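Asks: Dock chain L against the given chain Z, drawing on the hints supplied.
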Amino acid sequence: MSSDTLNYLRFWGVRGSYPAPFGSHLRVGGNTSCVELRVDNHILICDGGTGIIPLGNSLMAQKEIKEVTIILTHYHWDHISGLPFFVPAFVPGWKVNIFGPGDTMEEIERRISGQMMDPYFPVEVETWLADIHYLMANNSRLDYGPFSIDMFNVHHPGSTFGYRIQVHGKTIVYASDNELSFIDKTIEDRKGELDSQEWQLINAMQQEERSKALESIENAHVFVHDAQYTPEDYSKKRGWGHSCFIDTVNFAADAGVKQLYLFHVDPNYNDMKIEDLHRASVKIVHQRDSSMECHIAREGLIVDIDKL
Amino acid sequence: MTDQVPTIVVVDDSATSISLYQFSVEPLAVNFIGFKSPAEAFPYLQEHQPELLFLDIIMPGMDGLTFLRRLRALPHQKDTPVIMVTSKDYAQDRYIAKQLGALDFVIKPLRFKEIRDLVCKHTNIKQPEQNSEQNSKP
Chain Z
1 MSSDTLNYLR FWGVRGSYPA PFGSHLRVGG NTSCVELRVD NHILICDGGT GIIPLGNSLM
61 AQKEIKEVTI ILTHYHWDHI SGLPFFVPAF VPGWKVNIFG PGDTMEEIER RISGQMMDPY
121 FPVEVETWLA DIHYLMANNS RLDYGPFSID MFNVHHPGST FGYRIQVHGK TIVYASDNEL
181 SFIDKTIEDR KGELDSQEWQ LINAMQQEER SKALESIENA HVFVHDAQYT PEDYSKKRGW
241 GHSCFIDTVN FAADAGVKQL YLFHVDPNYN DMKIEDLHRA SVKIVHQRDS SMECHIAREG
301 LIVDIDKL
Chain L
309 MTDQVPTIVV VDDSATSISL YQFSVEPLAV NFIGFKSPAE AFPYLQEHQP ELLFLDIIMP
369 GMDGLTFLRR LRALPHQKDT PVIMVTSKDY AQDRYIAKQL GALDFVIKPL RFKEIRDLVC
429 KHTNIKQPEQ NSEQNSKP
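Going down the list, the sequences are from chains Z and L. The C-terminal residue of the first sequence carries number 308 in the numbering used here, and the numbering is unbroken. The C-terminal residue of the second sequence carries number 446 in the numbering used here, and the numbering is unbroken.
Extracted from the complex, chain Z is given alone in its bound form (with noise of 0.2 Å):
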């Protein structure tokens, strides 16, 4: 049966770590992260950075849908930091379903509710009139309308999650923050100091980990990623939890990807910035002879999940 909805995904905020509303950044956008996937009048929100203000007042502007789910991937205030402003959880009749790490639905509501309260913020959670249910995933796995909904552990400070989202045939993988590359760059640090058993085992133990990770992202439609640094940048930020943007692009063409999205961007680059890192993305992919179409993870962009 056909239908005239578009089901779609759109990105809402792309920055990392802090708002760039900069007039040189605009391009790109200055919104933490937030994306949204509308299918079959169902709505899933990645994440509640700033851009879930602007998207709590679209929906605010329509009456057909009254619920969304929102996932998030971990607690840093770049992910979060826009609930208190979502105007449609402080509206009654609407109904407000919030996932994230956490061991019971308490512990979520614990961590969600921490950051508004005195003296940080003026109202509480209790002035959220929705109807707010925090959920549990079962064995790591999440369902909401037509969205099947997986969670994996990536590396980021505390327990962060990507998820890998299936829904009308198609995946698309969302990992806002992941240091890729990790364990490559400290066994390179040791190898010297390794006899070549330890070698052996360890190298293998490298292959093993990197065939783990792939398959988390393995044939995505679309892959949104950690793209926060430069080669240069990342290698005085190692071990702070994000990628260079080199190591992605590889990654996602590794894996098979069909659409990589740059994502979570560094606030401090500005749009000509992350145009030069999308032209080098672009290049690589080139240099590597692979099909992956690689964009830039702009506001405003929207996805048509149908035509993937």
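Treat the hints with care, since some could be wrong.
[Said to hold, decoys possible] Only pairs whose alpha carbons sit at most 30 Å apart, straight line, appear in this in silico DSBU-like list of lysine-lysine:
id	chain 1	residue 1	chain 2	residue 2
1	L	K429	Z	K191
2	Z	K237	L	K406
3	Z	K95	Z	K63
4	Z	K185	L	K406
5	L	K421	Z	K185
6	Z	K185	L	K429
7	L	K429	L	K386
8	L	K434	Z	K185
9	L	K344	Z	K191
10	Z	K212	L	K406
11	Z	K191	L	K386
12	L	K421	Z	K212
13	L	K434	Z	K212
14	L	K406	Z	K236
15	L	K421	Z	K191
16	Z	K191	L	K434
Read the hints as simulated data drawn from the structure, not as lab findings. Just so you know, these numbers come straight off a predicted model, no measurement behind them.
Replies: Chain L only, in chain Z's frame:
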């Protein structure tokens, strides 16, 4: 009859990593048990308290820190000596591990001798006879 030999448990999703521990502790008088996921390890740890537990962080299903939090809720695992061994070298993870009573937080990769040293340091067993250059102390 009580088994006096200390039990060392490893929870790590890498089979090769488990082998690395196994090779390392071979010269020591210990029981060694490796599990490839928290889900596999949990039923065993509900029943047994090892003398030392090595715990990876990034694993399928549940990360090592969440697993340790769940483990500490079991009365007999409140004081189990735990060492986090991971490729996640982040201050936030170190802090959480410390809050959960982990004894140590070490970064992969580990050499055979480094694993043996950790086992001997945190249990009462002695280092094996030094019969190779690799095993000799500096």
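Asks: All the hints need checking, so say for each whether the structure fits it.
Replies: Here is how each hint holds up against the structure:
A C-alpha spacing of about 25 Å is found between K429 of chain L and K191 of chain Z, which places the hinted pair at or below 30 Å, so the restraint holds. A distance of roughly 24 Å separates the Cα atoms of K237 of chain Z and K406 of chain L; the hinted pair therefore holds under the 30 Å criterion. Annotation: proposed proximity of K95 of chain Z to K63 of chain Z holds, straight-line Cα distance about 13 Å (limit 30 Å). The hinted pair formed by K185 of chain Z and K406 of chain L meets the criterion: a straight-line CA distance of about 25 Å does not exceed 30 Å.
Taking the CA atoms of K421 of chain L and K185 of chain Z, the gap is near 21 Å; set against the 30 Å cutoff, the hint holds. Between K185 of chain Z and K429 of chain L, the direct Cα distance comes to roughly 28 Å. Compliance with the 30 Å bound is thereby established for this hinted pair. At most 30 Å may separate the alpha-carbon atoms for a hinted pair to count; K429 of chain L and K386 of chain L meet this at roughly 20 Å. Between K434 of chain L and K185 of chain Z the alpha-carbon distance is near 33 Å, which puts this suggested pair outside the 30 Å criterion.
Straight-line distance between C-alpha atoms of K344 of chain L and K191 of chain Z comes to about 26 Å, which keeps the hinted pair within the 30 Å bound. Pair hint K212 of chain Z plus K406 of chain L holds up; C-alpha atoms about 28 Å apart against a cutoff of 30 Å. In summary, the hint linking K191 of chain Z to K386 of chain L is not supported, as the alpha carbons are separated by about 37 Å, beyond the 30 Å threshold. A distance of roughly 27 Å separates the Cα atoms of K421 of chain L and K212 of chain Z; the hinted pair therefore holds under the 30 Å criterion.
Restraint check for K434 of chain L and K212 of chain Z: not satisfied, since their Cα atoms lie roughly 36 Å apart, outside the 30 Å limit. The hinted pair formed by K406 of chain L and K236 of chain Z meets the criterion: a straight-line CA distance of about 26 Å does not exceed 30 Å. For a cut-off of 30 Å, the pair hint linking K421 of chain L to K191 of chain Z stands: about 15 Å separates their Cα positions. Taking the CA atoms of K191 of chain Z and K434 of chain L, the gap is about 28 Å. The hint holds against a cut of 30 Å.
Violated hints, listed in ascending order, are 8, 11, 13; each of the other numbered hints is respected by the structure.
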